[in-house]
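**Student:** One letter stands for each residue in the lines below.
There are 2 protein chains.
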Amino acid sequence: MSFSPLVERLMESLRVLPGVGPKTAQRMAMHLLERDRDGGRRLAAVLEQAIDQVGYCRRCRTLTEEEVCALCTSARRDDSLLCVVESPADQLAIEEAGGYRGRYFVLHGHLSPLDGIGPEDIGLDQLEARIAEGGISEVILATNPTVEGEATAHYIAAQLSPHGVTLSRLAYGVPMGGELEYVDGGTLSRAFNGRLPFRGD
Amino acid sequence: MSFSPLVERLMESLRVLPGVGPKTAQRMAMHLLERDRDGGRRLAAVLEQAIDQVGYCRRCRTLTEEEVCALCTSARRDDSLLCVVESPADQLAIEEAGGYRGRYFVLHGHLSPLDGIGPEDIGLDQLEARIAEGGISEVILATNPTVEGEATAHYIAAQLSPHGVTLSRLAYGVPMGGELEYVDGGTLSRAFNGRLPFRGD
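One line per chain: the protein sequences are A and B, in this order. Counting from 1, position 96 in the first sequence corresponds to residue 120 in the numbering used here; the numbering is continuous, with no gaps. Counting from 1, position 198 in the second sequence corresponds to residue 222 in the numbering used here; the numbering is continuous, with no gaps.
This is chain A alone, in the form it adopts within the complex (with noise of 0.2 Å):
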């Protein structure tokens, strides 16, 4: 035995989420369809109008419903400043730990040449035309410290380089109120090797 056909393929459309096993699918398919059915058909009239609805900001490439996103049209931001993220989560962290008063660029991913996704499916071509239309002093290249975001840095380095914008990438090192017991190797080392003057006051 096992439930109706339509609670069993209700469980299996909710093993789309991430993170979400046959065991958690059903929990909550027996929460929405047995304490919250109006919580449930709210996420489905939601989650459809997002997926129609929701698209790439024509300027900065991050998930928006409009044309254009707000941080784009914000009058508030600093025109000559362009930092590169992977994606929107990103990007939304880099605005959370505050500071950064410059644009964004969202790559939506990395390259990998093994999945087939090239410069083009990242954007870079948009990215290119956006430094040659002028005004852009720099470009901080956030991709992941990983061996696909550092590529893709190295990449988007080559292909800016003509148009003569400074390039920077975020600092590496020891992560801030951690121990360095529990720091890894090649984080370590990179956190030696790019070692700051320190003034004891």
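Do not rely on the hints blindly, as some may be mistaken.
[Stated by the list, open to error] Here are some of the chain B residues that sit facing chain A, going by a computed Cβ distance under 10 Å:
no., residue
1, 26
2, 50
3, 52
4, 58
5, 90
Note that these hints are calculated values from the structure, not bench results. We put the beta carbon where it would ideally sit given N, CA and C, even for glycine.
Starting from the structure of chain A, add chain B where the hints point.
**Tutor:** Relative to chain A, chain B alone:
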């Protein structure tokens, strides 16, 4: 800064799912919008359909999109046994354990006067009517071994006793494969009081 209004609404809507907090909701929304729009669209459609069409079986009250569920219509079940459970998930657990071949009755909850959940809310009038039809010799009260489940079992027992059916309750005791050291005191003393003769062969 945050995501666009529609993306934020999607994240908020995903939080109706049990165990999904803000971080998980963000991860789910990003996954659906960035990597699996087809799966998300399917989820939205199936969720809407399930919420509209899945109701209670007219006979046993389990979740089903049919008038009467497959288990109630099956000719291969024993009509003289009726097992009363709190939820469809409990029913499935008993079915998966195997061995029981009778029918079910699903309460969708337990008596909870403080929350305003009385006998009619968990279908006890319908249960009594079903017993009154005759043909059932034993009712197995498989409500949860919790305070509320016990109270509900006692209430049902009192309600059904005039009908002259045998009433039973699942055995209490130490779980198979468990270690006594980790069994709680209440369960252990129940298991002691309910100890069974043992033939050492």
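**Student:** Quick check: which numbered hints come out false for this structure?
**Tutor:** none
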